[in-house]
Every structure is written in structure tokens, then in C-alpha cells.
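Which chain is which? The protein sequence lines are B and D, in order. Residue 1 is where the first sequence starts when you use the working numbering, and the numbers rise one by one after that. Residue 1 is where the second sequence starts when you use the working numbering, and the numbers rise one by one after that.
Everything labelled a hint here was simulated from the structure, so no lab data went into it. We put the CB at the ideal spot given by N, CA and C, even for glycine. Treat the hints with care, as some may be off.
What the hints assert, rightly or not - Derived DEER-like restraints, expressed as beta-carbon distance ranges:
#, chain 1, residue 1, chain 2, residue 2, range
1, B, D24, D, E272, 51 to 59 Å
2, B, L269, D, R32, 52 to 60 Å
3, B, G78, D, E272, 37 to 45 Å
4, B, V127, D, M106, 38 to 46 Å
5, D, D24, B, L275, 25 to 33 Å
6, B, H210, D, M1, 27 to 35 Å
7, B, K122, D, L103, 46 to 54 Å
8, B, I49, D, M236, 53 to 61 Å
9, D, E172, B, K250, 19 to 27 Å
What the hints assert, rightly or not - Covered by chain B, per the in silico footprint, the following chain D stretches (three or more residues, Cβ under 8 Å):
#, region
10, 64 to 71
11, 179 to 187
12, 252 to 262
13, 267 to 280
Protein chains: 2
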Amino acid sequence: MKVLIAGMGLIGGSICKALHAYTDHGVYGWNRSPQTAQRALEEHVIDGIVQEDCSGFDMIIVCLYPENVREWVKAHVGTMSEGTIVIDVSGVKTDLPEEMHKLCEMHGVHYLSTHPMAGKEKAGYAVSDEDLYQGANFIMTPLPETPKYVIAQVKNVAHQIGFRRFVITTPEMHDRMIAYTSQLAHVVSSSYVESPVIELESGFSGGSFHDMTRIATMNEDMWTQLFMENRVSLLMELDILMKNLGEYRKALADADEEQIYKLIRQGRLRKEQNLENRRNAPSVIDLTEKELTPT
Amino acid sequence: MKVLIAGMGLIGGSICKALHAYTDHGVYGWNRSPQTAQRALEEHVIDGIVQEDCSGFDMIIVCLYPENVREWVKAHVGTMSEGTIVIDVSGVKTDLPEEMHKLCEMHGVHYLSTHPMAGKEKAGYAVSDEDLYQGANFIMTPLPETPKYVIAQVKNVAHQIGFRRFVITTPEMHDRMIAYTSQLAHVVSSSYVESPVIELESGFSGGSFHDMTRIATMNEDMWTQLFMENRVSLLMELDILMKNLGEYRKALADADEEQIYKLIRQGRLRKEQNLENRRNAPSVIDLTEKELTPT
Chain B
1 MKVLIAGMGL IGGSICKALH AYTDHGVYGW NRSPQTAQRA LEEHVIDGIV QEDCSGFDMI
61 IVCLYPENVR EWVKAHVGTM SEGTIVIDVS GVKTDLPEEM HKLCEMHGVH YLSTHPMAGK
121 EKAGYAVSDE DLYQGANFIM TPLPETPKYV IAQVKNVAHQ IGFRRFVITT PEMHDRMIAY
181 TSQLAHVVSS SYVESPVIEL ESGFSGGSFH DMTRIATMNE DMWTQLFMEN RVSLLMELDI
241 LMKNLGEYRK ALADADEEQI YKLIRQGRLR KEQNLENRRN APSVIDLTEK ELTPT
Chain D
1 MKVLIAGMGL IGGSICKALH AYTDHGVYGW NRSPQTAQRA LEEHVIDGIV QEDCSGFDMI
61 IVCLYPENVR EWVKAHVGTM SEGTIVIDVS GVKTDLPEEM HKLCEMHGVH YLSTHPMAGK
121 EKAGYAVSDE DLYQGANFIM TPLPETPKYV IAQVKNVAHQ IGFRRFVITT PEMHDRMIAY
181 TSQLAHVVSS SYVESPVIEL ESGFSGGSFH DMTRIATMNE DMWTQLFMEN RVSLLMELDI
241 LMKNLGEYRK ALADADEEQI YKLIRQGRLR KEQNLENRRN APSVIDLTEK ELTPT
């Protein structure tokens with residue numbers, strides 16, 4: 001297969017490196033700043049650089065910020081060959097999948113929106129890694145019109161570069177779940193570092209502080225976009241968390257030992273159930289028919 | 001040296017194993033349920049079991065829950081040899097160091113309260129590990145009366161079993177800092193798992209969700225004690241966190257892109273400064289003279 005990666009930051013760069021390391025596909029790169037693509041070429045991570053002409057590719061993986069995906073696909077879809085599969089890796093879906101599908105359809109090109117659940121607390125090609133996706137989750141949000149073989153082909157490539165669990169869901173459920181599993185965690189981490197006593201933290205912490213604050217280094221350009229696009233779901237999850245923290249607050253203020261015990265125990269049981277669910281989860285999870293519990 | 005470890009759960013068991021693996025000290029164990037001590041003896045992790053008589057030891061490390069430390073030391077101090085150094089590893093200090101110091105002093109025994117900053121999300125001898133302390137932080141909260149050579153000797157043993165950074169501070173500052181670096185993280189983790197959408201989490205998460213919820217499996221018996229004993233400091237830190245989450249909440253509710261950007265950036269800079277501080281921290285941090293910034 002001949003694959004083009006547009007946008008060679010942490011995610012795109014890691015896809016290039018993984019395709020190069022683990023597959024026989026031809027790997028080509030497009031990047032806004034040409035130095036990065038040039039570096040990847042010199043490192044033999046890609047086989048060639050694409051400037052404008054996107055013809056002749058079987059798959060095109062657009063690894064740009066959500067706002068830039070629309071713009072890039074609009075600018076390049078005219079040059080793509082019929083039957084090409086275009087995918088994005090955006091952290092928020094909203095109406096991107098539908099918009100892009102409509103646009104691509106007119107050019108005989110397939111579109112599938114995806115979300116590789118892997119990252120690092122730093123961005124950029126320099127920290128990209130051929131093993132970033134080993135054992136990770138891969139989410140796909142097809143539309144009812146998306147042909148099954150398109151999903152199968154994308155899943156196949158994702159499997160080749162290391163992904164081991166695949167979720168097929170709707171754009172709406174993706175955004176709701178991601179607000180909880182990813183965006184809320186970033187808000188918490190970013191808020192956590194704002195205590196004035198952080199200046200004395202060295203020496204006082206074990207793994208918990210580190211885990212809690214690792215992702216506070218998120219980059220503000222990308223995450224502002226993600227939070228803004230998904231703010232309704234994120235607000236919903238933030239309110240749930242603040243309510244739960246409020247229960248701890250009340251129990252502590254009341255010195256209510258029994259209630260503190262109850263809250264800790266309840267959290268432990270929920271987490272143990274969660275770990276159990278993860279252990280038992282199948283390698284392909286199809287949630288396209290599943291309704292979210294209203295909250 | 002001849003060392004007795006009283007209480008052979010995760011922390012005590014790991015100390016036994018590390019002393020056995022990395023030093024030539026004689027290692028003895030006391031445990032409430034005799035099976036665990038017996039198992040450790042059979043595994044050659046300890047050289048002998050102590051029932052009641054605690055004489056002849058250079059150092060006694062009490063690895064029990066805070067409430068049980070008082071009780072155990074009271075019951076056994078009468079049998080200890082003069083000059084023995086007794087330490088505890090409690091996660092909250094309050095007036096424990098002073099109380100125990102007074103008691104031990106009457107028997108010619110030294111007391112030093114410490115806090116090894118290492119743990120796991122599970123408890124018990126079965127998960128103890130000789131390498132639990134490699135590279136970890138070790139906090140000591142001496143009183144003004146504590147002889148310097150006692151601190152030096154405890155630090156030396158801690159170094160032998162893997163600790164690499166040492167903090168000397170007051171019980172008050174310990175409790176205030178630990179509320180932030182450890183206890184608040186546990187409250188957040190426990191609250192985080194209470195969203196109803198957690199049931200669908202499998203497949204939707206990367207490292208962030210895992211990091212954020214790992215310690216929600218804390219055991220309610222120990223942590224209720226820790227939270228109760230340190231509830232004033234913990235409440236203070238919880239309020240700071242909730243205020244900061246509230247700022248994100250407002251910015252999201254107002255769709256205030258500029259403010260979201262500002263908050264993310266501010267958090268990133270704080271975390272980067274924190275990482276910088278950690279890199280530059282000396283191997284021994286003496287905070288006994290340091291005042292906490294009022295908040």
C-alpha cells in the first residue's frame with residue numbers, strides 16, 4: 001500500500017515511524033514546515049515528500065489539529081485518486097466526520113474519522129516514536145454510509161502499527177466518552193498544579209503526584225481547540241467530578257469518618273470493576289447501537 | 001546492625017526484602033498474624049520472628065497504621081534495649097512524633113518519625129517488593145531534641161535500601177505537603193471513577209485515564225485514618241483544587257476561548273517549573289527552618 005501522512009508531529013511522526021518499522025507500505029509525508037519532512041526523509045522514516053499532489057495513494061492519514069483538518073482536506077481532495085481512503089485522528093469529532101464525508105464523496109474518496117488513544121506529554125516530531133501505539137486503543141467513528149471494507153482496511157493498518165483494541169462508535173458517543181477519559185483528566189492535571197505549595201513538592205512525592213500532574217504540560221494551542229469543540233460534554237463531566245469532590249469535602253468538613261470510609265470503599269469497588277471490565281473487554285468493541293446512560 | 005520490622009505489609013515487607021537483598025543487617029520480623037512472619041522466614045526474607053521481647057535491636061521500624069503505632073510502641077518499649085532507634089513510617093504525623101519521643105525518652109530509646117514516599121495501589125506482604133524504594137524520596141520529621149547521629153543513621157539505612165532523596169522537615173510541614181502531594185491525589189482519583197460513563201471506558205482511554213484513576217483502589221481502612229488525621233490540611237488543598245476547577249468551569253461555560261488558553265498555558269508553565277525544580281533538587285533537603293507560604 002502507498003500511504004501519505006499529512007502533519008508529522010507526535011502522532012503523525014509516530015505513524016510514519018511505525019509504518020516504516022513494522023510494514024512494507026510505501027510511506028510519504030506532507031508537513032507545513034518542510035524541515036521536519038526533510039529530516040524524516042534523511043532519517044529514512046519516509047520514502048518521499050508530498051507538496052501538493054496527493055494522487056496515487058491508497059490511504060491518506062491527516063494528523064493535524066481539528067480546525068486544520070477541514071482546511072487541508074478541502075485544499076487537497078481535488079488531487080486525490082478515486083477510491084483513496086482519507087482518515088483523520090482528531091481528538092474531537094463533532095460534525096467533522098459528516099462534513100468531510102460529504103466533501104470526499106463528491107470526489108470518489110472515502111472518509112473515516114479515527115482517534116488513536118496514545119500520546120505523550122510533549123508534542124512534535126522530535127518526540128515521536130515507532131512504538132507509541134503498541135497495545136493502544138484505536139477508535140473509529142464511521143457514518144452509516146461508510147463501507148465495511150473501508151473500516152476493515154483502516155483497522156488492519158492500525159493493527160500493523162501496534163494497536164490492539166478497536167472501538168467502533170458514533171461521533172457523539174466518542175465525544176462524550178473522550179470528555180471523560182481524556183479531556184477531564186487534562187483539566188484536573190492542569191488545575192492540580194496550581195496549589196502554592198507545589199514549589200516545595202520535590203522530595204515530598206511518590207508516584208501519585210507524578211501521575212496526577214504529568215499531562216499538565218499539554219500544549220495550549222491544540223487543547224484549547226479540543227476543549228472548545230467539546231465543551232458541552234466536558235462541562236458535564238467536570239460537573240460530575242466537582243459534585244463527587246464536594247461529597248468528600250462535606251465528609252471531611254463534618255469529620256464524618258463513616259462517610260469518608262464509605263466514599264473510599266465505593267471508589268475502590270468502582271475502580272476494581274473498571275479493571276475487571278478492561279480485562280474482559282473484547283478486542284473489537286462495537287458501540288454504534290449503544291445508548292449512553294443519561295446522567 | 002540488628003533490625004526489627006514490626007508490621008509486614010506492603011511497606012514493612014518491602015523493607016524486610018530490601019534489607020535482606022541489599023545489606024548485611026540481621027533482619028527480624030514481628031507481625032500481628034503469625035502466618036505472614038512465618039512465610040517471610042520460610043522465604044529467608046527474615047532471620048527470625050519476634051513475639052514480645054524487643055531487646056537487642058539497633059533499630060526498630062514500626063510499619064503499622066498510625067493508630068496502631070502508638071499502641072504497639074506503648075506495649076513494647078519496656079522490652080527495648082537502651083540506645084535503640086525506633087522509627088515509624090506513618091503517612092500522617094500530627095503529634096505522633098512528640099508523643100512517641102516522650103514515651104521512648106523515658107526508656108532511653110530514640111524515636112524518629114519518617115515517611116518513605118513509595119507505595120503501590122495494593123496492600124499486603126504478597127505484593128511487597130525489594131525494589132519498591134529504588135530512587136524514592138524519604139522524609140524525616142525529627143524534633144529539635146533528636147540527636148543528629150540518629151538522623152544520620154536512619155538516613156544511612158534508608159540509602160542502603162534504595163532511597164535517593166532525603167527531606168528533613170517538621171511534622172506540621174510534612175502533613176501540609178502530604179495533603180497536597182498524596183492525599184488530595186487519592187481523593188481526586190476516588191472521585192474520578194464515579195462518573196456513570198466509566199462503564200464504557202474500555203477502549204476509549206489512553207494513559208491519562210489510567211494515571212488519573214490508578215490509586216482509586218486504595219484501601220479504606222488505612223486511608224480513612226490518614227484523611228481523618230490530616231483533614232484540616234486536606235480540606236485546604238481540596239478547596240484550592242475546587243477553586244481552580246471552578247475557573248475552568250466558568251471559562252468553559254462562557255465559551256471563553258482566551259481564558260481557556262490562558263489557564264492551560266499557566267498550568268503548563270507551572271508544571272514545567274515543577275519539573276525543573278525536581279531536576280535541580282539536592283539529594284538532602286532541609287526544610288526545618290522554612291515557613292510555608294500562607295494561602
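Hints and how they fare:
no. : hint                        : in the structure
1   : B:D24 - D:E272: 51 to 59 Å  : 40 Å, violated
2   : B:L269 - D:R32: 52 to 60 Å  : 25 Å, violated
3   : B:G78 - D:E272: 37 to 45 Å  : 42 Å, holds
4   : B:V127 - D:M106: 38 to 46 Å : 59 Å, violated
5   : D:D24 - B:L275: 25 to 33 Å  : 40 Å, violated
6   : B:H210 - D:M1: 27 to 35 Å   : 32 Å, holds
7   : B:K122 - D:L103: 46 to 54 Å : 51 Å, holds
8   : B:I49 - D:M236: 53 to 61 Å  : 55 Å, holds
9   : D:E172 - B:K250: 19 to 27 Å : 25 Å, holds
10  : 64 to 71                    : violated (count 0)
11  : 179 to 187                  : holds (count 7)
12  : 252 to 262                  : holds (count 6)
13  : 267 to 280                  : holds (count 9)
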